[in-house]
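Novice: Okay, here's what each chain looks like letter by letter:
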Amino acid sequence: AQKITQTQPGMFVQEKEAVTLDCTYDTSDPSYGLFWYKQPSSGEMIFLIYQGSYDQQNATEGRYSLNFQKARKSANLVISASQLGDSAMYFCAMREYDAGGTSYGKLTFGQGTILTVHP
Amino acid sequence: SQTIHQWPATLVQPVGSPLSLECTVEGTSNPNLYWYRQAAGRGLQLLFYSVGIGQISSEVPQNLSASRPQDRQFILSSKKLLLSDSGFYLCAWRGGTATKGEQYFGPGTRLTVT
Numbered sequence: 001a002q003k004i005t006q007t008q009p010g011m012f013v014q015e016k017e018a019v020t021l022d023c024t025y026d027t028s029d030p031s032y033g034l035f036w037y038k039q040p041s042s043g044e045m046i047f048l049i050y051q052g053s054y055d056q057q058n059a060t061e062g063r064y065s066l067n068f069q070k071a072r073k074s075a076n077l078v079i080s081a082s083q084l085g086d087s088a089m090y091f092c093a094m095r096e097y098d099a100g101g102t103s104y105g106k107l108t109f110g111q112g113t114i115l116t117v118h119p
Numbered sequence: 120s121q122t123i124h125q126w127p128a129t130l131v132q133p134v135g136s137p138l139s140l141e142c143t144v145e146g147t148s149n150p151n152l153y154w155y156r157q158a159a160g161r162g163l164q165l166l167f168y169s170v171g172i173g174q175i176s177s178e179v180p181q182n183l184s185a186s187r188p189q190d191r192q193f194i195l196s197s198k199k200l201l202l203s204d205s206g207f208y209l210c211a212w213r214g215g216t217a218t219k220g221e222q223y224f225g226p227g228t229r230l231t232v233t
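Protein chains in written order, with my numbering: chain L, 1 to 119; chain G, 120 to 233.
It cannot be assumed that every hint is accurate.
Taking lysine-lysine and the DSSO-like style, the derived pairs with C-alpha atoms no more than 30 Å apart in a straight line are [unchecked claim]:
(1) L/Lys73 <-> G/Lys199
(2) L/Lys106 <-> L/Lys70
(3) L/Lys106 <-> L/Lys3
(4) L/Lys3 <-> G/Lys219
It should be emphasised that the hints constitute simulated quantities derived from the structure, not laboratory data.
For reference, chain G alone in the conformation it holds in the complex (with noise of 0.2 Å):
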């Protein structure tokens, strides 16, 4: 069975810090990967997404920055946080086992920039 992993589940930074979050598959291969950020009563904003290793398409100008270093490992990243990069971030996959499409989100991470 398919397992998405994130870590770490919450994390505190000081505004100008730098961030890496980081998400790995198990149990599928060539998986299309997701980065989601909810903000605090709010749904979810695509931020990036990958169709392939080395493959990263941007959603919303940003802050942020994503990179897939593996097939099945996607990592969220920042130079500089802001206050505004303050949310819960999910990250999700696809596969061909998703027969209706749908996608299937990791435990998220609580990221809290002060």
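The following block holds chain L by itself, in its conformation from the complex (with noise of 0.2 Å):
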């Protein structure tokens, strides 16, 4: 079963709108990081945004922000004031710690999102 869940292959904005991208995620663990990355048409990955399972207050960088709604699984991002910049597909990720308490940082992957921003 996928363990992340992103429902739209893609999403268009128009610049200076804010657009949401949504992401769901599947763990039985109670300790998990849920993550947020982007990729530009070159290919680099560049981390956004961070929500570990027991932060109490939704994160928040720059124009970023996660909408966290543990009860439902979900952890969309939030992109305010959408730039012409901002066009690229973006990854939901999440750790998940293994029987014996450590995860060694691995990450699994949603299949993406790719935003279009419309001048």
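Dock the two chains into a complex; use the hints.
Specialist: Below, the structure is given as structure tokens:
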């Protein structure tokens, strides 16, 4: 079963408007971390934002915020005031811990959402 | 500051030929290192990770192998490439400065097996 689901293959947004990229996850572990990465056409993966499962508040990093709804197992990325440079593929990822309580930092990625920002 | 390098940037290899992709990290010590593969338009699949010199864990049975001969060097290899090995290969590191456990990625290698 997929552990990270991104149901939007593509999204379009007008410049300067906000956009929400969806991510749902599946885990039975009470301790986990959720990440969002941006992949421009160059291919490099850029870390955007992190949310820990025990964090009480939604994470924010500049124009990026994470709408974390733990009971619904969703961790949607909100980009405010979209810019043309935001056009890229966006990936949601999760870090879990094994039975021994270690993760070695391994990440499981979703399939990604292509965001296109129109002028 | 930390920097991660990968080479080559692009590679076209015939089926059955060997492969060696190299990844090096600067500015940190004893990082966790990872190799991922990304098929066109898809997400990343973790292939190997390493928590120290000579320590390699494989996530997916495949035609590839990995080695870590030095603390900040991670190598992805194959003795005989298959068509299905084509893809975008990304190396990543995670270390003490990654306060949230995030990984930082290299620029990647685009491999085409013909």
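Novice: All hints, please: hold or fail.
Specialist: Checked hints:
For the given pair, L/Lys73 sits about 42 Å from G/Lys199 by alpha-carbon distance, which is inconsistent with the 30 Å threshold. Between L/Lys106 and L/Lys70, the direct Cα distance comes to roughly 21 Å. Compliance with the 30 Å bound is thereby established for this hinted pair. The suggested pairing of L/Lys106 with L/Lys3 holds, with an alpha-carbon distance near 13 Å, which does not exceed 30 Å. A hinted pair counts as satisfied when its Cα atoms are at most 30 Å apart, and L/Lys3 with G/Lys219 qualifies at roughly 20 Å.
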